[in-house]
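2 protein chains.
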Amino acid sequence: MHSFEELSKEFGNIFSSRHFPDQPGSLYDPAEYFLGIGGKRIRPVICLMGNELFDVINPDTYAVATAIELFHNFTLIHDDIMDKAPLRRGMQTVHEKYGEPTALLSGDVMLVVAYDYLNRIKPGYINKIIRLFNKTAKEVCEGQQLDMDFEKQDIVQLPDYLKMIELKTSVLLASSLQLGAILGGAQEGNQKHLYEFGKNLGMAFQVQDDYLDAFGDPEKFGKQVGGDIVANKKTFLQIHAMEAGSHTQVNELKKLFSENTPDKVNKVLEIFRQCGVDSWAADLKEKYLTQAFKHLDEIAVLSSRKTPLKQLAHFLVQREH
Amino acid sequence: MHSFEELSKEFGNIFSSRHFPDQPGSLYDPAEYFLGIGGKRIRPVICLMGNELFDVINPDTYAVATAIELFHNFTLIHDDIMDKAPLRRGMQTVHEKYGEPTALLSGDVMLVVAYDYLNRIKPGYINKIIRLFNKTAKEVCEGQQLDMDFEKQDIVQLPDYLKMIELKTSVLLASSLQLGAILGGAQEGNQKHLYEFGKNLGMAFQVQDDYLDAFGDPEKFGKQVGGDIVANKKTFLQIHAMEAGSHTQVNELKKLFSENTPDKVNKVLEIFRQCGVDSWAADLKEKYLTQAFKHLDEIAVLSSRKTPLKQLAHFLVQREH
Chain Y
1 MHSFEELSKE
11 FGNIFSSRHF
21 PDQPGSLYDP
31 AEYFLGIGGK
41 RIRPVICLMG
51 NELFDVINPD
61 TYAVATAIEL
71 FHNFTLIHDD
81 IMDKAPLRRG
91 MQTVHEKYGE
101 PTALLSGDVM
111 LVVAYDYLNR
121 IKPGYINKII
131 RLFNKTAKEV
141 CEGQQLDMDF
151 EKQDIVQLPD
161 YLKMIELKTS
171 VLLASSLQLG
181 AILGGAQEGN
191 QKHLYEFGKN
201 LGMAFQVQDD
211 YLDAFGDPEK
221 FGKQVGGDIV
231 ANKKTFLQIH
241 AMEAGSHTQV
251 NELKKLFSEN
261 TPDKVNKVLE
271 IFRQCGVDSW
281 AADLKEKYLT
291 QAFKHLDEIA
301 VLSSRKTPLK
311 QLAHFLVQRE
321 H
Chain F
1001 MHSFEELSKE
1011 FGNIFSSRHF
1021 PDQPGSLYDP
1031 AEYFLGIGGK
1041 RIRPVICLMG
1051 NELFDVINPD
1061 TYAVATAIEL
1071 FHNFTLIHDD
1081 IMDKAPLRRG
1091 MQTVHEKYGE
1101 PTALLSGDVM
1111 LVVAYDYLNR
1121 IKPGYINKII
1131 RLFNKTAKEV
1141 CEGQQLDMDF
1151 EKQDIVQLPD
1161 YLKMIELKTS
1171 VLLASSLQLG
1181 AILGGAQEGN
1191 QKHLYEFGKN
1201 LGMAFQVQDD
1211 YLDAFGDPEK
1221 FGKQVGGDIV
1231 ANKKTFLQIH
1241 AMEAGSHTQV
1251 NELKKLFSEN
1261 TPDKVNKVLE
1271 IFRQCGVDSW
1281 AADLKEKYLT
1291 QAFKHLDEIA
1301 VLSSRKTPLK
1311 QLAHFLVQRE
1321 H
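Protein sequences, first through last, are from chains Y and F. Sequential numbering from 1 applies to the first sequence in our numbering. Sequential numbering from 1001 applies to the second sequence in our numbering.
In short, the hints are calculated from the structure, not lab data. Remember, it's a predicted structure, so these values are computed and weren't measured experimentally. In this text, a Cβ means the ideal position worked out from N, Cα and C, and glycines have one as well. Mixed in with the good hints, there may be bad ones.
[Claimed, not checked] Taking CB as the label site, the calculated pair distances span:
hint : chain 1 : residue 1 : chain 2 : residue 2 : range
1    : Y       : K233      : F       : G1025     : 20 to 28 Å
2    : F       : R1305     : Y       : R131      : 31 to 39 Å
3    : Y       : S26       : F       : H1002     : 36 to 44 Å
4    : F       : R1273     : Y       : G25       : 51 to 59 Å
5    : Y       : M91       : F       : T1307     : 38 to 46 Å
6    : Y       : M91       : F       : D1083     : 27 to 35 Å
7    : Y       : H314      : F       : P1123     : 50 to 58 Å
8    : Y       : S26       : F       : G1012     : 36 to 44 Å
9    : Y       : R131      : F       : K1135     : 42 to 50 Å
10   : F       : D1083     : Y       : P21       : 19 to 27 Å
11   : F       : R1089     : Y       : K152      : 27 to 35 Å
12   : Y       : Q187      : F       : R1089     : 34 to 42 Å
[What the hints assert, rightly or not] To be clear about the criterion: a stretch of chain F counts as covered by chain Y if any three or more of its residues have a C-beta under 8 Å from a C-beta of chain Y, and this derived list gives those stretches:
hint : segment
13   : 1032 to 1045
14   : 1078 to 1092
15   : 1096 to 1104
16   : 1127 to 1137
[Stated by the list, open to error] Below, computed lysine to any residue pairings styled on SDA-like, alpha-carbon distance capped at 20 Å:
hint : chain 1 : residue 1 : chain 2 : residue 2
17   : Y       : K264      : Y       : Q249
18   : Y       : K97       : F       : Y1125
19   : Y       : K267      : Y       : G216
20   : F       : K1152     : Y       : G25
21   : Y       : K135      : F       : E1100
22   : F       : K1084     : Y       : K128
23   : Y       : K128      : F       : A1063
24   : Y       : K128      : F       : E1100
25   : F       : K1097     : Y       : Q249
26   : Y       : K128      : F       : D1116
27   : Y       : K152      : F       : M1082
28   : F       : K1122     : Y       : K152
29   : Y       : K152      : F       : K1097
30   : Y       : K152      : F       : E1298
31   : Y       : K122      : F       : G1099
32   : F       : K1152     : Y       : G216
33   : F       : K1135     : Y       : G276
34   : F       : K1310     : F       : A1063
35   : F       : K1135     : Y       : R18
36   : Y       : K122      : F       : Y1125
37   : F       : K1122     : Y       : R120
38   : F       : K1152     : Y       : E139
Chain Y extracted, bound-state conformation (with noise of 0.2 Å):
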């Protein structure tokens, strides 16, 4: 068994390779830079991670785990384009330095060479793969479809919002991890948990960056606090704030969020506190948490084998106790 990290490493190590033809460059060298500006690689690391839970890691996965990867830089490519988003860690985005027209196209060849490594496995498993690969880009389309619905709107219901970033992102790590599972030999019923696990944690995990984005130590958290109320996001809190709250606090919360005063992160937090957003949104991340935990403790492999994403799963969402 291997930790996140060492797995992170290794998978670091493969996926540094060249990915696409020379030429022309002007198409492919956009996608390779935009590889080249890093992320954390945790979705085909819990790929091999999930597969790991079962047996020794098949070298199929790797190959599934570099098409998650890609497909997942191919989304924030075009996601980057859709939001016009100036920069991506810290870097230009790909439109921003190559161009719309290159960036859309340079996304679409980066999806078609996911296909290519899927393509690689062996035959025995790769319709099963490809069919949970696909449900999962639709889902994914549509996550980002809903969420650019949602901009539009002045007031979105908690439901539609938790079925926006089931789709948008926690599908996506459930995927990953089922996908590995599936390559390790894993039986349905296992593999239905395992990908539970990963939904429940990914939406822990987004409640958690809404919260610290909120309410958050800026010096532990890294970013300016308050950088989604400045921008009018949709967040768990906001949809939360927006449902619990009074008349009038429903009201200056809407006029807070069409206009943009120096003192508006602080009044709007300050709204925030008295609906009790704060508490109500470490009561959901617990809740999501405790659903992930229960999944994974009815994964009938030794327990022993589980450790590496516990400690995973510990690692994404700092829980405090």
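Add chain F to chain Y, keeping to what the hints say.
Quick look at chain F alone, frame taken from chain Y:
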């Protein structure tokens, strides 16, 4: 054996069913909208023809043909974004109707669904099919990128232009035929000849397209003659004129292409004629057609099985003799 028209009608019926989930409609309706505005479905139908050349039609071919048509439409949706084209087949393009972010995402999800169809075929063939499909998909992206690169260049050399057209247009026709042949159990030599038939036919078709845009009879051609000249597009004719013209003619062309005077089309056509571009293009088209038929002749099946493909070639490239 079936004619192009018969297979076209059959495929059209099959393809007209919905290919995407209902929800979210904001993502999938734009994709369905684009498929609904028509198209000749040439590529999927020649895939079926490439299959029937060798045997009765293998049912898996319909899935591959559908994947090919979805891939083709995905490239059109994204190309229209890159070219900022407001219309396609006389209808609003997807980005014009639904906005660029949704058009981008609808194209993405269409490519994923293309792979869903590929994943339906029997395991015995799937690796070969995805390998050729992906090789072609990458080449089409490369062709589109080169086309965009060339727009920024004053002078493009003929060999570079030929390569771009081959990648952007011809290889998808060639591969559509070969994908059908693979599913028909064709031997590799026969597959190769069929591929080359399609590639050369594609080149001949593009030369004809460029020729008709400049020298075609407006009534028969069905659209305004000289559209490429007005848009300063690189075409076979423009490339050859820049190579074959005298110093004075080349300078005059550069001047004409740098402005939009009312007599631009007539003046450019006059120089094209002086440079012998019209007869050169007729010869070039003939050269490609001869090559195409040479490869068709080499395929080791009963000559009578080749009749539908011969008829299609004559229909696509109206040979005058």
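Hint-by-hint comparison with the structure:
1. Y/K233 <-> F/G1025: 20 to 28 Å: 24 Å Cβ-Cβ, so the 20 to 28 Å window holds.
2. F/R1305 <-> Y/R131: 31 to 39 Å: holds, 36 Å
3. Y/S26 <-> F/H1002: 36 to 44 Å: holds, 42 Å
4. F/R1273 <-> Y/G25: 51 to 59 Å: violated, 38 Å
5. Y/M91 <-> F/T1307: 38 to 46 Å: violated, 58 Å
6. Y/M91 <-> F/D1083: 27 to 35 Å: At roughly 28 Å between Cβ atoms, F/D1083 and Y/M91 fall inside 27 to 35 Å, so the hint holds.
7. Y/H314 <-> F/P1123: 50 to 58 Å: The hint (50 to 58 Å, Cβ to Cβ) is violated, given that Y/H314 and F/P1123 are roughly 41 Å apart.
8. Y/S26 <-> F/G1012: 36 to 44 Å: For F/G1012 against Y/S26, whose Cβ atoms are near 37 Å apart, the range 36 to 44 Å holds.
9. Y/R131 <-> F/K1135: 42 to 50 Å: Between Y/R131 and F/K1135, where Cβ atoms are some 23 Å apart, the hint is violated.
10. F/D1083 <-> Y/P21: 19 to 27 Å: Since F/D1083 and Y/P21 have Cβ atoms about 24 Å apart, the given range 19 to 27 Å holds.
11. F/R1089 <-> Y/K152: 27 to 35 Å: With a Cβ separation near 29 Å, F/R1089 and Y/K152 satisfy 27 to 35 Å, so the hint holds.
12. Y/Q187 <-> F/R1089: 34 to 42 Å: violated, 50 Å
13. 1032 to 1045: violated (count 0)
14. 1078 to 1092: It holds, with 3 qualifying residues against the three required.
15. 1096 to 1104: holds (count 4)
16. 1127 to 1137: This one holds; 5 residues, not fewer than the three required, reach chain Y with a Cβ under 8 Å.
17. Y/K264 <-> Y/Q249: At roughly 14 Å apart (the allowed maximum being 20 Å), Y/Q249 and Y/K264 satisfy the hint.
18. Y/K97 <-> F/Y1125: violated, 40 Å
19. Y/K267 <-> Y/G216: holds, 16 Å
20. F/K1152 <-> Y/G25: holds, 16 Å
21. Y/K135 <-> F/E1100: violated, 24 Å
22. F/K1084 <-> Y/K128: This hinted pair is violated, its Cα atoms lying about 38 Å apart.
23. Y/K128 <-> F/A1063: holds, 17 Å
24. Y/K128 <-> F/E1100: violated, 33 Å
25. F/K1097 <-> Y/Q249: violated, 38 Å
26. Y/K128 <-> F/D1116: With Cα atoms ~11 Å apart, Y/K128 and F/D1116 stay inside 20 Å; holds.
27. Y/K152 <-> F/M1082: Answer violated: Y/K152 to F/M1082 is near 25 Å, above 20 Å.
28. F/K1122 <-> Y/K152: The hint is violated at about 44 Å.
29. Y/K152 <-> F/K1097: Holds, because 17 Å separates the two Cα atoms, which is no more than 20 Å.
30. Y/K152 <-> F/E1298: Outside the cut-off at roughly 60 Å; violated.
31. Y/K122 <-> F/G1099: Measuring from Cα to Cα gives roughly 41 Å; hence the hint is violated.
32. F/K1152 <-> Y/G216: Distance ~48 Å between F/K1152 and Y/G216 Cα, so the pair is violated.
33. F/K1135 <-> Y/G276: violated, 55 Å
34. F/K1310 <-> F/A1063: Since the Cα atoms of F/K1310 and F/A1063 sit roughly 25 Å apart, the hinted pair is violated (cutoff 20 Å).
35. F/K1135 <-> Y/R18: At roughly 17 Å apart (the allowed maximum being 20 Å), Y/R18 and F/K1135 satisfy the hint.
36. Y/K122 <-> F/Y1125: holds, 13 Å
37. F/K1122 <-> Y/R120: Between F/K1122 and Y/R120 the Cα gap is close to 16 Å, so the pair holds against 20 Å.
38. F/K1152 <-> Y/E139: violated, 38 Å
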